[in-house]
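K.L.:
From first to last, the protein sequence lines are chains D and E.
Mapped onto the working numbering, the consecutive letters of the first sequence carry residue numbers 9 to 440.
Mapped onto the working numbering, the consecutive letters of the second sequence carry residue numbers 9 to 440.
Among these hints, one or two may not hold up.
Pairs count within a copy or across copies, as identical chains cannot be separated in the list.
What the hints assert, rightly or not - Quick list of in silico lysine-lysine cross-link-like pairs, DSSO-like style, CA-CA up to 30 Å: (1) 184 to 305; (2) 433 to 291; (3) 90 to 184; (4) 90 to 433; (5) 90 to 406; (6) 437 to 406; (7) 184 to 346; (8) 15 to 90; (9) 437 to 305; (10) 15 to 207; (11) 433 to 305; (12) 207 to 42; (13) 433 to 406; (14) 437 to 207.
In short, the hints are calculated from the structure, not lab data.
This is what each chain is made of:
Protein chains: 2
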Amino acid sequence: MQTLIWKTLSPAQQADVLTRPALGDEASIGNLVKEIIGAVRARGDEALRELAQRFERAPREQLRVSEAETDAACARLGDDIKDAINAAISNINAFHAAQVQQIVRVETQPGVVCELRTQPISRVGLYVPGGSAPLPSTVMMLAIPARLAGCREVVLCTPSPASDEILFAARACGVKQVFAIGGAQAIAAMAYGTESIPKVDKIFGPGNAYVTEAKGQVSRDWRGAAIDMPAGPSEVLVIADDSANPAFVASDLLSQAEHGPDSQVVLVTTSPRLADAISGELKAQLARLSRRDIAAKALGASLVILCDDLDEACAISNTYAPEHLIVQTEAPRDLLGKLENAGSIFLGQWTPESVGDYASGTNHTLPTYGYARTCSSLGLADYQRRYTVQELSAEGIKGLGPIVERIAEAEGLDAHKNAVTLRLKALQKGQS
Amino acid sequence: MQTLIWKTLSPAQQADVLTRPALGDEASIGNLVKEIIGAVRARGDEALRELAQRFERAPREQLRVSEAETDAACARLGDDIKDAINAAISNINAFHAAQVQQIVRVETQPGVVCELRTQPISRVGLYVPGGSAPLPSTVMMLAIPARLAGCREVVLCTPSPASDEILFAARACGVKQVFAIGGAQAIAAMAYGTESIPKVDKIFGPGNAYVTEAKGQVSRDWRGAAIDMPAGPSEVLVIADDSANPAFVASDLLSQAEHGPDSQVVLVTTSPRLADAISGELKAQLARLSRRDIAAKALGASLVILCDDLDEACAISNTYAPEHLIVQTEAPRDLLGKLENAGSIFLGQWTPESVGDYASGTNHTLPTYGYARTCSSLGLADYQRRYTVQELSAEGIKGLGPIVERIAEAEGLDAHKNAVTLRLKALQKGQS
Numbered sequence: 009m010q011t012l013i014w015k016t017l018s019p020a021q022q023a024d025v026l027t028r029p030a031l032g033d034e035a036s037i038g039n040l041v042k043e044i045i046g047a048v049r050a051r052g053d054e055a056l057r058e059l060a061q062r063f064e065r066a067p068r069e070q071l072r073v074s075e076a077e078t079d080a081a082c083a084r085l086g087d088d089i090k091d092a093i094n095a096a097i098s099n100i101n102a103f104h105a106a107q108v109q110q111i112v113r114v115e116t117q118p119g120v121v122c123e124l125r126t127q128p129i130s131r132v133g134l135y136v137p138g139g140s141a142p143l144p145s146t147v148m149m150l151a152i153p154a155r156l157a158g159c160r161e162v163v164l165c166t167p168s169p170a171s172d173e174i175l176f177a178a179r180a181c182g183v184k185q186v187f188a189i190g191g192a193q194a195i196a197a198m199a200y201g202t203e204s205i206p207k208v209d210k211i212f213g214p215g216n217a218y219v220t221e222a223k224g225q226v227s228r229d230w231r232g233a234a235i236d237m238p239a240g241p242s243e244v245l246v247i248a249d250d251s252a253n254p255a256f257v258a259s260d261l262l263s264q265a266e267h268g269p270d271s272q273v274v275l276v277t278t279s280p281r282l283a284d285a286i287s288g289e290l291k292a293q294l295a296r297l298s299r300r301d302i303a304a305k306a307l308g309a310s311l312v313i314l315c316d317d318l319d320e321a322c323a324i325s326n327t328y329a330p331e332h333l334i335v336q337t338e339a340p341r342d343l344l345g346k347l348e349n350a351g352s353i354f355l356g357q358w359t360p361e362s363v364g365d366y367a368s369g370t371n372h373t374l375p376t377y378g379y380a381r382t383c384s385s386l387g388l389a390d391y392q393r394r395y396t397v398q399e400l401s402a403e404g405i406k407g408l409g410p411i412v413e414r415i416a417e418a419e420g421l422d423a424h425k426n427a428v429t430l431r432l433k434a435l436q437k438g439q440s
Numbered sequence: 009m010q011t012l013i014w015k016t017l018s019p020a021q022q023a024d025v026l027t028r029p030a031l032g033d034e035a036s037i038g039n040l041v042k043e044i045i046g047a048v049r050a051r052g053d054e055a056l057r058e059l060a061q062r063f064e065r066a067p068r069e070q071l072r073v074s075e076a077e078t079d080a081a082c083a084r085l086g087d088d089i090k091d092a093i094n095a096a097i098s099n100i101n102a103f104h105a106a107q108v109q110q111i112v113r114v115e116t117q118p119g120v121v122c123e124l125r126t127q128p129i130s131r132v133g134l135y136v137p138g139g140s141a142p143l144p145s146t147v148m149m150l151a152i153p154a155r156l157a158g159c160r161e162v163v164l165c166t167p168s169p170a171s172d173e174i175l176f177a178a179r180a181c182g183v184k185q186v187f188a189i190g191g192a193q194a195i196a197a198m199a200y201g202t203e204s205i206p207k208v209d210k211i212f213g214p215g216n217a218y219v220t221e222a223k224g225q226v227s228r229d230w231r232g233a234a235i236d237m238p239a240g241p242s243e244v245l246v247i248a249d250d251s252a253n254p255a256f257v258a259s260d261l262l263s264q265a266e267h268g269p270d271s272q273v274v275l276v277t278t279s280p281r282l283a284d285a286i287s288g289e290l291k292a293q294l295a296r297l298s299r300r301d302i303a304a305k306a307l308g309a310s311l312v313i314l315c316d317d318l319d320e321a322c323a324i325s326n327t328y329a330p331e332h333l334i335v336q337t338e339a340p341r342d343l344l345g346k347l348e349n350a351g352s353i354f355l356g357q358w359t360p361e362s363v364g365d366y367a368s369g370t371n372h373t374l375p376t377y378g379y380a381r382t383c384s385s386l387g388l389a390d391y392q393r394r395y396t397v398q399e400l401s402a403e404g405i406k407g408l409g410p411i412v413e414r415i416a417e418a419e420g421l422d423a424h425k426n427a428v429t430l431r432l433k434a435l436q437k438g439q440s
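With the rest of the complex left out, here is chain D (with noise of 0.2 Å):
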């Protein structure tokens, strides 16, 4: 890990160090990815299988997943497993449930009653990757917040084969539809139909760069799909202070470097005697795991900040606008009022990242990327849309009448005046 002391950069080398390193923008993928979408569109489920032959590991030709072919699986998979997802879905279900938004209503004058009202999105889809390892968690993240807002149909994309830990946790989280389809192939199903995926509305979930180009595709079409945010490299920042145990602020860092090569692993103290501790331990712990490849690759690439105080350390973090943000110091909670931007937060030394990424009951989809400056975490709110809902009542256009006609008049607009008017010289006369 490189060490910057942060007082001794300029206020430039400060942003750049802060800035990410671009993202490769292959033309090779956006055209290849175009094409994909384009023949799915064309040629619906034929292509599909087609596609699935040229790029995927196990093509099928039903794509569609039995309720037999998950029975099966639900069988194979060993109980301990099964309890932790389910404990998992308990929390995340907990959580996600006290998200509900209730009408907001407001007479904003007399006989002029304003409401905003919420609705489930009505079709979902879900996108869960394949790869390395099987992705129980991401099932969960995607189709408990489904479930919960009310989504009449929720489809859920996976490369074949799909795991055991991913069929069961579908089943445990009320997913319907399961189709044994990967890639940017099942993207481009789920935003315009094929005779076999029904289309849907908006799409969720991670996907490697093939999925995240035509996640970014179709969300440019209007006649394609929504998505839920856009997508980079996983990351976090870490805040330490003397107080924090190296070995757990290790085990974090760590953590976050097995996700992959391009992972960002931030640490930001206070303390140069924890930075030494923490690289030590790094040492020792990198050792042991069976990603370290992985993890090293990512580490070689991280930076720890030495500043002079907390101050400092959340500027920092605000600025960088982690995904993940764990606070290791005394008295973390403290620091909440001080810090933005992040995707989320852990406060404290019994709080590791991967509590959020599995079953503490937040969501673990988030903005990364710099993107949590703008974006929000996955939670209930991106499975609804908000919309309002005016009523007047014949007072209350008597009322508020006068002052849209004045300002429809401001602007223009004889047509939006009249609207008004009418209605006016009706309740003069007495007509409804």
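Position chain E relative to chain D; hints supplied.
P.N.:
This is chain E only, laid out in the frame that chain D set:
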């Protein structure tokens, strides 16, 4: 207006009728906007002044509107319009203030506390179009939630000359930084910053094809800025039964039609008699409008759909997903449970669209072009972001740790598991 009898159409014809016309996707606009953004990023204020000379009606050297200019604008303005704007502000403020969200705090299991919190987006940019009429209402709709959310920096750009109404409304809504610059160059300036215009994190507001394209381009660049929502032509759908007042309905259809020749206007009714009566009213009212040429053009492309009952009418509206939905039926509130995918709903004969456009309290920034299936109407939430916080006690990690270990193991992520295992061991040994 073209009249269709719904049940005589095939499902394919029905889908076709409710599909919006394709928007011109002119590469020339994209290229020019790209060039403008590049110039502003490279040469800042100098480029802004050059571009203003090239594209704007009243280019000026001093981009920022001074306090003295605003003083003068406010002094020129009549009390009537000032009072009307202030009354509208009061209603809009009341409705948006009621949208403040409380912290959600759940102890999901003993010692595991999860919180959902909100923070203001730090820096926001508001774009207020100039064009044929000054739009003080746009200032109110964009600036009031920014102030209520507590955004630290609020920047407003509007083409030069900024009208007195716009300057008055900006001051009344607490906007301190107003710049008299419009078009794609204004969007570029707010997205990237120049010497005089601060960079913002998110840009709000409507605009012409160049502004819309610029918002799209800067939102796809992670160095740029997020945007409020995708844009399309304004639109209304009216559901009316035989009890509706044809003059009122006609005035509402014309309010929408006068916005622009590409405005979408749809009437869905169970009553052929009403449709006939409205047709007569449209002719009579149209003749008296100053913007009759624009309105006539929009009406020419508009639709009357005759259907069998109000359930069918609701289904048609849900499929179309209108920006504005006006319900003029005998018991309009009874339909609320059946209506989805509308930006804002106007209930009953005393609730014309223009009350929501200006002064009832709801926001007039609404999803168009079918985006109401997934996008919300603008509100306080769009000026904030949600993030989560979690804090575990020693008891919390003791209870949750084994669950996390098991799922991490299933996902093959050793370091995630180890971050928990280390802590559980430390607790066993009585260490902290």
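K.L.:
Compare the structure with each hint and give your call.
P.N.:
Verification of the supplied hints:
Taking CA atoms no more than 30 Å apart as the test, residue 184 paired with residue 305 passes in neither setting, with 40 Å inside one copy and 47 Å between copies. Taking the closest pair of Cα atoms, residue 433 and residue 291 come within 30 Å of each other only across two copies (20 Å); inside a single copy the shortest separation is 82 Å, beyond that limit. Proximity of residue 90 to residue 184 under the C-alpha cut-off of 30 Å is restricted to the intra-copy arrangement: shortest distance 18 Å within a copy versus 57 Å between copies. In the homo-oligomer, the alpha carbons of residue 90 and residue 433 lie at most 30 Å apart only across protomers (24 Å), although the nearest pairing inside one protomer, at 69 Å, exceeds that limit.
Taking identical chains as interchangeable, the C-alpha atoms of residue 90 and residue 406 lie at most 30 Å apart only when they sit on different chains, with a minimum of 19 Å there against 63 Å within one chain. In this assembly of identical chains, residue 437 and residue 406 lie within 30 Å of each other by CA distance solely inside one copy; the values are 13 Å within and 75 Å between copies. Proximity of residue 184 and residue 346 under a CA criterion of 30 Å is satisfied inter-copy only: 24 Å between copies versus 43 Å inside one chain copy. Within a single copy, residue 15 and residue 90 get their C-alpha atoms no closer than 50 Å, and across copies no closer than 51 Å, so neither meets the 30 Å cut-off.
With identical chains, the CA atoms of residue 437 and residue 305 are never at most 30 Å apart, being 80 Å at best within one copy and 33 Å at best between copies. With identical chains, the CA atoms of residue 15 and residue 207 are at most 30 Å apart between copies only, with a shortest distance of 24 Å across copies and 53 Å within one. In this assembly of identical chains, the alpha carbons of residue 433 and residue 305 lie at most 30 Å apart only when taken from different copies (28 Å versus 75 Å within one copy). In this assembly of identical chains, residue 207 and residue 42 lie within 30 Å of each other by CA distance solely inside one copy; the values are 18 Å within and 33 Å between copies.
When the C-alpha separation of residue 433 and residue 406 is checked against a cutoff of 30 Å, the pair qualifies only within one copy, where the shortest distance is 10 Å, while the shortest distance between copies is 72 Å. Taking the shortest Cα distances, residue 437 and residue 207 never come within 30 Å of each other, neither inside one copy (52 Å) nor across copies (54 Å).
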